[in-house]
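Model the full structure from these sequences, guided by the hints.
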Amino acid sequence: MSHRIVKRIESVNDFVVKFANVNGSGSASANEMFARSLLRMGVPVSPRNIFPSNIQGLPTWYEVRVNERGYLGRRGGVDLMVAMNPQTWDRDLQEIESGGYLLYDSSKPLPPSRFRDDVNVIGVPLTEMCATRYTDPRERQLLKNIVYVGVLAALMGIEPEVIATLLGEQYKGKAKLIQPNLDAFMMGLHHGRDVLESDVLGLRVERRDAVGKRIFIEGNAAAALGCVYGGATVCAWYPITPSSSLAEAFQKYCAKYRVDKASGTNRYAIVQAEDEIASIGIVVGAGWNGARSFTATSGPGVSLMTEFIGLAYFAEIPATIINVQRGGPSTGMPTRTQQADLLSCAYASHGDTKHVLLFPEDPRECFDFAAAALDLADRLQTPIFVMTDLDIGMNHRLCEPLQWDDKRRYDRGKVMSRADLDAGRDFGRYLDVDGDGIPYRTLPGTHPERGAYFTRGTTRDAYARYSEAGPDYLYNVERLLRKFDTAKAMVPQPVERRAARPTRHGVIYFGSTSPAMAEAFDALHARGLHVDLLRVRAFPFSEAVDRFVAEHETVFVIEQNRDAQLRTMLMTEQEIAPARLVPILHFDGTPITARFITEAIAERMPGANVQPIKGGLVA
Amino acid sequence: MTYITKPKLHHPTLPKNTLGFTRRDYEGKVSTLCAGCGHDSISAALIQACWELDIEPHRVAKLSGIGCSSKTPDYFLGNSHGFNTVHGRMPSVLTGANLANRELLYLGVSGDGDSASIGLGQFAHAMRRGVNMTYIVENNGVYGLTKGQFSATADQGSKSKKGAINTDTPIDLVSLALQLGASYVARSFSGDKEQLVPLIKGALRHRGAAFIDVISPCVAFNNHPGSTKSYDYVRAHNEAVNRLDFMPRRDAISASYSPGEVIEITQHDGSLLRLRKLAVGYDPGDRLAAMNHIAAHEARGEILTGLLYVNGDADDLHGHLKTVATPLNRLGEAELCPGAGVLAALNAELV
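Taken in sequence, the protein lines are chains A and B.
Mind the numbering: the first sequence is residues 115 to 733 in the numbering used here, read in order.
Mind the numbering: the second sequence is residues 7 to 357 in the numbering used here, read in order.
One or more hints might be untrue.
Stated by the list, open to error - Under 8 Å between C-beta atoms, here's a sample of chain B residues computed to sit facing chain A:
1. Asp-60
2. His-64
3. Asn-90
4. Asn-107
5. Ile-124
6. Gln-128
7. Ala-340
8. Glu-341
9. Val-357
What the hints assert, rightly or not - Over 12 Å on every C-beta distance to chain B, these chain A residues come out as not near it, computed from the model:
10. Arg-183
11. Asn-403
12. Pro-585
Claimed, not checked - Derived DSBU-like pairs (lysine-lysine); straight-line CA-CA distance at most 35 Å:
13. B:Lys-328 to A:Lys-366
14. B:Lys-168 to B:Lys-283
15. A:Lys-286 to A:Lys-375
16. B:Lys-328 to A:Lys-521
17. A:Lys-370 to B:Lys-328
18. A:Lys-528 to B:Lys-283
19. A:Lys-286 to B:Lys-153
20. A:Lys-468 to A:Lys-521
21. B:Lys-199 to B:Lys-22
22. B:Lys-199 to B:Lys-167
23. A:Lys-288 to A:Lys-370
24. B:Lys-283 to A:Lys-468
25. A:Lys-222 to A:Lys-288
26. B:Lys-328 to A:Lys-528
27. A:Lys-327 to A:Lys-370
28. B:Lys-168 to B:Lys-199
29. A:Lys-468 to A:Lys-375
30. A:Lys-528 to B:Lys-12
31. B:Lys-22 to A:Lys-288
32. A:Lys-366 to A:Lys-521
33. A:Lys-288 to A:Lys-327
34. A:Lys-468 to B:Lys-153
35. B:Lys-12 to B:Lys-22
36. B:Lys-328 to A:Lys-375
37. B:Lys-153 to B:Lys-165
For the record, the hints were derived by calculation from the structure and aren't laboratory data.
Don't be surprised by glycine CBs; every beta carbon is placed ideally from N, CA and C.
So, in structure tokens, the structure goes:
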């Protein structure tokens, strides 16, 4: 059955489609093909996998934001729901915007009570069509997904040639699969063209040139490439969603780019360790011995690693930890996104610790920051966290092409060579020679007589000799603070964006909130609400953060966690008065939406747009 | 805790090895362990073994966990880099260090609390990965630094200094190491330097995971009647399966043993292990037989010592991972970074 209502959403290249499927039903590749076909037509898309912690049988969704202006965050709401999962029918139906569309499998008739009066319904007898065409039950199931892509292509105006090309690419080397998929697609296409009314769907795709040179890549793959380019040679990891694909991508890229062709040997070592504790232990051991090393994990993994992180901090050993954050605490929501590990990473381990955190906003920065983290770890001789999340890590995102300057040299930090030691320089492992808190180190095996020292997590003097003396302890922990201060100038600096008009309202945000914030910024502007933006890209916070807060009466701090963790850090580390920082928090496990941010800010700034503060407030 | 500075002055007539080093050059700081601690004898055996093998001290990386035993790396090879890691997790740190630079010798020193209790998992996985190292457990069945609690190697029924009886089944690290794939497995006694030194030498020259369990009585907390890790008990129940002669090179073979009693095993670097059999029919090349033999003696309350198993052809983790011969920590941009051109090509594929 199909029915039409008077009110209809009509839009070209600007809408949200959501596919509701069952995990394991083979829908992922069809849904991704839909998204990619739009990209190939030059229309920006940003898809998001919303999946259960399960292999088969539970509900899964794939939400595609289509927006030719390039907004890549979640907007909120759904214009077209492709409802393939009877289990979630009711809630899927509720998510559709008024005047939106529901495409469903009409093989079995449903009573009118199962629909909504303000939603346009498009029924396609997918099961019936596949049952008629295919005899193999698996084909019937799998190809149903491609059939609805065909229907959508007909109704939206997606060019069939684009899909044909994509099918060819996807099943390259598996020629047997191309033709059945193409047939199924054409079956859907013809059904859309011949059986359904041509204007049954008000959402259209038109070719544009709005993608440009941007690439479409998952954050985890980009971070893995960052580790390859940044010179990581040792990777130790333990499988955990959503970070596993990062280590797997590192393995793939290393096998491609890091094999010595003449000897067939590898210029890398990857160990799938027995647990996260061993993973970080291997990273610490390799870092101690001068190899660039990293691990990829998520919240529960970081929890397990904390003792070693404290050792690396106090013994001053380089280590890179890529934390692809997910919903916590405990097992929380293992397949959903959050930014809720800031405090547990910034202060990981017992005692007084502070760690450097980097916050990438997209795959491009996942690449840049992974490579930068390896430099920083060597330079600062300390653990560096790259705080990505499931939203960036496991979803394809359109971003600027990855770039590398061949003139760039790895910064190995203060490592004394045999020649340095021979030159008679005083070597004290924990001597602050340069006043920046960063001591010099030697690698094992460097010199027969000089430079050997003992590394330990207990207190020692500047020459690495065991000590239980208070002054020696103070010397070390105060120097570590000095080192942390030095880090401020070395980490990626915040990015600011000013409103069209001077304003007393600022917004601080970070990481994957970025694209939704960009859209909210424009939406607020359209309502006459002006806010200045500051995207924090690292902890420790630089002076630009203090300046920004001083310039604004109210600063909204947007985070994807319950406890306003970034706000807490701003308060405690920068000594900013709590009242100045207004938390805006989104933490249901789905990526934050532009709509949520817009509404949250709008309702907190009635009668906005007062004159800017002259000279700045005291932070 | 106080330290006595060790005088640097060497007696001019001290014998030197081929590198020109005396044994003193292999010493470390003055031990802070209790007088008579078995661990100090193991340190002395390590010093002796490294000196005799002409090992350059700075080419050794010595790693340990936390505990009495783990303090000992500070007491030998003062010119080596040492690393006190965290309790029970030395094996992973050593694995990482080894991956970073395959050219150094790796010495892991641990205790029974460190390896059999908190660190059992890491011990197991280092063995099964075949990390190229000498892993020594200084085994006294007790937690010394926390004053006398049982460790997981304490025998069932053995008595603590305070009179508590251990009711848990002990973990036999030697049997575990065999099962997990260690390719050089030995047990010795800190009071038997004659046996221990050649066992350490063989292990240092072995490629792969070499494990030596050394019963090392704790004079403070576990050297009383009722303990199965006391000097008296071990001396009374020690049964050696073989006596080992270690020859760094094949051409140094001497014929001190008559044929029929001797097994020779050549290791990767050409060094030779000559084993004089003491136990009739004992074959250190047979993993299964070794396990049975150990279990049978254990049931009788006997402590089997000697080289229990060796596979001279074993490979190590680097072999398994097919790692390049140059140490990974020495590779630079040219070897590691695929370059901007490759990235541009990758970008082009990513739409």
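#### Entry: Those earlier numbered hints the structure runs against, lowest number first
Violated hints: 1, 5, 7, 11, 14, 18, 19, 24, 29 and 31; rest satisfied.
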